[in-house]
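**Q** Sequence:
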Amino acid sequence: MAVFYNPRPQYFDDDGKPLGGGTLTFYIAGTSTEAVIYDDSGLTTPGQNPSPLNSAGRVRDGGIWLSDGEYKVILKDSNGVQIDGPIDGFEPGGGSGGSGSGATVIDTIAQLRLTDSSEGYVWVGGYYSLGDYPGNYYVWDAASTEDDNGGTIISDSPAPASGRWIMVPKRSIDIRDFGVIDGVEADLSTNLLNANAWCASTGQDLLIYDGTYRIDSDTTLIGPYKVVFKDGAEFISNGSADLTIETRSLLKRVAKQNTRDWNNIKLESK
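Here the sequence shown stands for residues 13 to 282, where the numbers follow my numbering.
Keep in mind that the hints are not guaranteed to be accurate.
Calculated pairs, DSBU-like style, for lysine-lysine (alpha carbon to alpha carbon, straight line, at most 30 Å) [what the hints assert, rightly or not]:
hint, residue 1, residue 2
1, K88, K182
2, K182, K29
3, K242, K88
4, K242, K29
5, K182, K242
6, K29, K88
Calculated directly from the structure, the hints in this document are not laboratory data.
From just these sequences and the hints, can you work out the full model?
**A** Structure representation (structure tokens):
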């Protein structure tokens, strides 16, 4: 037996809002037959399938437990509209201490840099420390020679000529994926610029969640991509650094913010 996810993930819609009331539906791989899922590690109590997400868009307390085998998984919103998937051929693994997907569990990005490539597929549960961000899956790409950007592309340490850890693709990028973490007492401008560069190249939304982020150097975010703010995001500086967002009319959710300190933010429509 295996738990589907541990830690439990949080799912979001395309505007960066938690997918409250959404569902995960599990099928036998390659079919439209719903699989039996369980509420307990002993696989004695069948669980509800489709499995509802709570109001915060998270898998229910206690997790989802699966018997060995392969599954197909589909994510839907509260109206039954498909958001992601199907992921077919999903094979759970890792037991109660694992990621629930057969992945090796890694605590931090620093630990990932020291992880042997033979692991192949890993779940990273924190950026600087375990649990300080929602976590991501990474796969080893032996042929990749891309530069380490501290988020979606991670090199072993020391960096080999080829071979990189690549984040498993997802709809949107969270600034925390690049180490822009609430309360970190360090200049995060380079991290934020790396997130900007990735989203500018892929067109993925950049999600900025509520928290306090220190930016000590002038930083400009420029697309084309969508910047999605969550209520309460605050940028501070030890000096007089500016955060400039060149929006091209693609900035979302600014007018409705409960902003606390926006004195150093410039919004420029291009």
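**Q** None of the hints should be skipped; say for each whether it holds.
**A** Hints versus structure:
no., hint, result
1, K88 / K182, "15 Å, holds"
2, K182 / K29, "15 Å, holds"
3, K242 / K88, "22 Å, holds"
4, K242 / K29, "8 Å, holds"
5, K182 / K242, "19 Å, holds"
6, K29 / K88, "14 Å, holds"
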